[in-house]
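These protein sequence lines are chains G and X, in that order. Numbered by the numbering used here, the letters in the first sequence go through residues 210 to 386 in order. Numbered by the numbering used here, the letters in the second sequence go through residues -2 to 164 in order.
Since the hints were derived computationally from the structure, they do not count as laboratory data. A virtual CB, placed ideally from N, CA and C, is assigned to each residue, including glycine. Certain hints may be false.
Said to hold, decoys possible - Among the chain X residues that face chain G by a calculated CB cut under 8 angstroms, a handful are:
hint : residue
1    : H41
2    : V43
3    : K66
4    : R68
5    : S69
What the hints assert, rightly or not - Listed below are several chain X residues computed to face chain G (Cβ distance under 8 angstroms; list not exhaustive):
hint : residue
6    : G44
7    : P87
8    : A90
9    : R91
10   : E92
11   : C94
12   : M95
13   : T101
14   : L105
15   : S108
16   : R132
17   : A133
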Amino acid sequence: MSRFAVSVFGRDRPGIVAAVTRVLADAGCNLEDTSMMILRGHFAMMLVISGGAGIFARDLEAELSPVADWLDLQLSVRSVSGDVVTVQVGGERWSAAVYAADQPGLVAHISEVLADHQVNIVGLKTRLVGEPDAVYVMHFELKVPAGRAAQVQSDLSVAARALGVEVSMRPDEPDVL
Amino acid sequence: VAVRPVLRLPAPQLKVVAEPVARLDQPAQEVADDLVDTMGAYDHCVGLAAPKIGVGLRVFALDVTGHPKARSCHGLVLLFNPEVLLGTEPKVAREGCMSVPDLTGNVLRPSRVVVRGMTSQGTIRVIEADALEARALLHELDHLNGLLFLDRVAAPHTDLFQRKSYR
């Protein structure tokens, strides 16, 4: 079995998901993990798909090209390692909200603080809203090494004061029922 | 002691609406015993509804004793034909389920509930619960109606969603 990373990007309109996934289904591919969302009016699709032996990235890209032309999409298909990465990132699960008047480098500053503590960002969504007085909103899903959360919170607060941003962190451990 | 395997998706039994327990006969009591035994065999298992062990009957076992997120705690609770009388103060919390591999999701549920059901002695028991015990009661009650937390996740990716589109 072979596995591919597919990315699709284009001005949002109805029918993109249907058109792209139909081609992949007809090519005998399975959608595995996917994430699709609107980013500033553009529709972005990121897919990891699997297909049988004998399927090649360049063939899939060629099969998708009529759809890409029709819907004016930027599209790429790349081969990725066939092994599913099942390593679970250890640590405590937290979420963090950060928001402020927009300024360059916010994500870099905040994520550097997290990286210094070996915090793993398992999800990050950012939104620029409310123009002309733009506000930048970030929502992090984090895996924090055991016992480090208090220090991370403290360092984030220091960074937040320096940057003039609001930061809050809350535990996000699931209750497995 | 009969420890039964806990079913996981895509087991079809998880999506069936369970039948009321008509009589507290020997088979019904055995299901209850199996629920308690199976719950005890899994670390961190705070609740188990019959459909999770493949039995389509309205009964569950629950015990939040010692859980750090528990406030109310009624010890081991075993209820047949349970129903929710009252649910207030909805709160969002991240839930996982033994029957759903790997995933967790944010679910809005009442954080205070009053639940009524029948004990294994046939008496009516009314339980007033909050915090984790309330959430666990509602989670197990959902299983009796073929509902998983996946059916209740508000927004799978994040709860931040654009209010209007860009043009």
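Status of the hints after comparison with the structure:
| no. | hint | result |
| --- | --- | --- |
| 1 | H41 | holds (6 angstroms) |
| 2 | V43 | holds (6 angstroms) |
| 3 | K66 | holds (6 angstroms) |
| 4 | R68 | violated (13 angstroms) |
| 5 | S69 | violated (15 angstroms) |
| 6 | G44 | holds (5 angstroms) |
| 7 | P87 | violated (16 angstroms) |
| 8 | A90 | holds (6 angstroms) |
| 9 | R91 | holds (4 angstroms) |
| 10 | E92 | holds (6 angstroms) |
| 11 | C94 | holds (6 angstroms) |
| 12 | M95 | holds (6 angstroms) |
| 13 | T101 | holds (4 angstroms) |
| 14 | L105 | violated (14 angstroms) |
| 15 | S108 | violated (12 angstroms) |
| 16 | R132 | holds (6 angstroms) |
| 17 | A133 | holds (5 angstroms) |
Taken one by one, the earlier hints fail for this structure at numbers 4, 5, 7, 14, 15, listed in ascending order.
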